[in-house]
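J.: Assemble chain A onto chain F, guided by the hints.
For reference, the chains in residue letters:
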Amino acid sequence: MGIAATECLLEMYDERRSLEDYQKGVPRWCTGCGDNAILAAVQRLLRDEGLRPEKTVFVSGIGCSSRFPHYLNTYGFHGIHGRALPVAEGVKMARPDLTVFVNTGDGDCLSIGAAHWIHAIRYNMNLTVFLHDNQIYGLTKMQASPTSPIGTKSNTTPRGSYLDALNPLTVTLGVSNVSFVAQAVDWIPESLYQIVRAAYEHKGLSFVRILQRCPEWLPKSLEPWMQDPDKIQLLHHENALRVSDQLAMVYKNHRKHDPLDMLDALDIASDLERIPVGILYQNKDVPCYEDTRHSDVLRSDDLVRHGLEHEFDKYAV
Amino acid sequence: VTDSLVATERPTGGRPAIELSEHIVEIISDSGEGAQRCGQSFGSIAARMGNGIWTTEIIPAEIRPPARSVAGASGNRIRVGSGKITNGGDETDLVIAFNEQVLLGRVRDGELKPGATILLERMWRDHQLPDIRESYIRAYDRLVDAGYRVYEVPMETECRKLVNDARRGKNMFALGILCFIYSFDLQMARDQIALTFGKKSQDVIDTNVRLLEAGHAWAGDNLDFCYRIPAVPTTQPHIVTNGNTAVALGVMASGMELCAMYPITPATSASHYLSDVFEKVGGIVHQAEDEIAACAFAIGASYAGKCTVTITSGPGYSLKQEAIGLAVMAEIPLVVVNVQRGGPSTGQPTKAEQGDLMTTIYGSHGDAPKVVIAPATIEDCFHSIITARRIAETFNMVVVVLTDASLATSQQPYPRPVFQESWIAPPVDQSPIPAGAKPYDWDATTGLAKRFIPGQPGGMHTVTGIAHDRNSHVAYDPEINMEGLRARSLKLAALQRTLQPPDVFGPESGDLLVVGWGSTKGTIEEAVESLQAEGKAVSSMHVRFLNPLPPGIKEIMQRFDKVIAIETNWSDDPNELIIDESNRRYSALATLLRARYLVDVDCWTEVRGRQIKPSTVRQVLLAKLEK
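Those protein sequence lines, which keep their order, are chains F and A.
Here our numbering = 1-based position in the first sequence + 956.
Here our numbering = 1-based position in the second sequence + 97.
I should point out that these hints are in silico values taken from the structure, not numbers from a laboratory.
Don't take each hint at face value.
[What the hints assert, rightly or not] Capping the alpha-carbon separation at 25 Å, the derived lysine to any residue pairs in SDA-like fashion look like this:
id, chain 1, residue 1, chain 2, residue 2
1, F, LYS1270, A, TRP539
2, A, LYS724, A, ASP670
3, F, LYS1011, A, SER372
4, F, LYS980, A, TRP539
5, A, LYS535, F, VAL982
6, F, LYS980, A, GLY533
7, A, LYS547, F, ARG1008
8, A, LYS535, F, ARG1008
9, A, LYS377, F, THR1248
The shape of chain F in the complex, shown without the other chains (with noise of 0.2 Å):
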């Protein structure tokens, strides 16, 4: 026998979650931190997709960003510097019921936990990770972090730094199994939902890069691009993200992108005049790790016996 319609409304509403249900905390970010604005990006995403908060997983290292997961009324892992990404991996693995993001720092994904960013794009499992990249390190106090724009004066570079910026676009989408690659402005609310809402359907690993402003270290580093609009470079294509009629008032340069083309993408990525804002690289095909290794064996104290047996028989004398 079916539920009755009423029913099933009622039951609707009951599973209907407002903004408020996925809060949590006051967040102790600067004023004007970027970081303000991906909270507010992802907790419209959860309402939006309904994402039962008992079944999301916030995973993040340690930094600003980091705090991220505090601020839900989700399952949250704060962890340690650097090691979000396996982190998030292992919770995947035992649990591929689990919607699982990932929040990380430049300082905490491109330095401290390079190797593992790295090889998280290769596992690509279907993680969505957020890059806060704000260019700085903020929590420890002002010293330059791999995004740091060459000749950044900070604590440890009081006469500028000293390299080149880290790009960690080309470097994401130069790895193998690399599945989906997009850039986010924390000023642009309406690309930055976007963006984040795609990141989060896609299946695999998801890396969004969110250029952020940190009000009080680096005050002036994205300044250019935020007053001029036309540095900004919408992307748009029809297998990706479309430019919205008041976007286009204001941001009159796009791009039309076709998010399977690497070799576009990369073009797009090393462009550092302009901050490209969209998504560079897509493929639905590349299998997630996850699937790879899971079997179809379903397992029951049965089986544990059974497969221990059989290898005690190997070994008996």
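T.: Just chain A now, with coordinates in the frame of chain F:
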């Protein structure tokens, strides 16, 4: 060990076999010539005969050391006895060597008993290169002069009659010789070959059986001696494995589903074996990009409800320290296996040492209480993993299982485990969390809290490595910090309350108590037993739980006049010119016992990269008794 020298009738052949209570046999060759396989097969056949065995791998440090080099000896050492054998024993009685150089290395290291029997490949005597011929003859003469009983065996020549590549068939020919010498049932040897080469074609099996038979026949025609080591077959079914295989079987039996690892000697063979068989029971071995990732991956999986194991050795264990501290702080169950090897740094990767006890108990910064279990036997490697998983999940703690290269690579028969459903981890709890419950609701007495697992409705919270309160909220309040530290510490005491005092091997009181932990158990007890047989008031105590230490230890120690720890880690020799009581560094267990119980525990240690010999322990104890 005394040979009884009683000639008994041999069922086959005409010669009388000398009956022995035990013998130590070595098969050594250049790396890649199959001496390992020969030795392992020999051990397995002996175990099938009902003999006690202990096999020890002889491994060069390099994958392909130069051929015919003193440092390149690769092979296996098998101690065979009438009764149970608990350790590798003293010096070797009989050795088969594929060249004289690898043999010289063993002689140099003092591994051969004076007057030991040597069966030496003869081909080098007629080698085309004069250098090799001369080196062989020189070595041969030296060995004979030194009093060894040397038999030259034309292995190459004989094997060539059967196979083209004699270098690859010699090992089974040697096995045939050994089967003759020790009066083994040839059919059992054939069965063993079929099992060993089970994955290969019937052709390969037949060829190896022919080589075995040829070796057996050659020995019968040419050797003027043979032995018999009476077996005492048990009715209880036994299995023979090394410690790493036992660990892997323990992982399967514990109901764990995931193992995250990174390759490292001498731990890797456990993961190799698991990789081969784990999937059949729905398990997965994840080879991570590094040791830290392996540990973090395991913590993530454990956090999500499936207690996971990470298997490593010293250097890898050091790398995991920060992640282990996270699991301690967030109270996430985790099983870590540390197969100790020689340290510090890269140290001696293939060699045995017990150098990691302190770093295991006290490792990771801050106060990071964790459980440390040290299996003392190969059988115990199996059961310790099951115990470790249960403790980890009951107390939400990190449990480290400390084995070592000696246990990892040695083989021994032990009773076939009888499966119990209670070994297996329960299903992941997905029941709703009652309103008002807190993720760290530490019990006032035991410090225990019931963990909330992702998927449990109403349990949403963020675990953190930062100091936190009962709600898992970040808290820098001094009272809350103290509360968390207290709870995590009390859990160790709660576990300690459930432990039994260790058994005393021998009388409950006396002149001298020997204490040990881990792989030295068999060696210590053998030495102690021989002294007891001479009327000495010596007993021993082996500690399995190193953290927390079980109750009753102080009381046991106080019933003896003297206490000495025997370990395979460094301690200063009190006779050194600049060493005195104010600066002597004691061995790890001695330090722990002295600090905790205020008992004057002396120590004697040796770090030679191998098991201590029972005769050495015996000498040490005799000296201690006289002091």
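J.: All hints are to be evaluated individually against the structure, with a verdict given for each.
T.: Checked hints:
Of the pairs offered as hints, the one joining LYS1270(F) and TRP539(A) is violated, with about 46 Å between alpha carbons and a cut-off of 25 Å exceeded. With a CA separation close to 15 Å, the supplied pair LYS724(A) and ASP670(A) stays within the 25 Å bound. With a C-alpha separation of about 30 Å, the suggested pairing of LYS1011(F) with SER372(A) is violated against the 25 Å cut-off. As the CA atoms of LYS980(F) and TRP539(A) are separated by approximately 23 Å, the hinted pair is consistent with the 25 Å bound.
This hinted pair checks out: LYS535(A) and VAL982(F) have alpha carbons roughly 20 Å apart, not beyond 25 Å. Restraint check: the Cα-Cα separation between LYS980(F) and GLY533(A) comes to about 16 Å, which is no more than 25 Å; the hinted pair holds. Our distance criterion of 25 Å between C-alpha atoms is met by LYS547(A) and ARG1008(F), whose separation comes to about 22 Å. Our distance criterion of 25 Å between C-alpha atoms is met by LYS535(A) and ARG1008(F), whose separation comes to about 20 Å.
A threshold of 25 Å between alpha carbons decides the hint, and for LYS377(A) with THR1248(F) the separation of about 15 Å falls inside it, so the pair holds.
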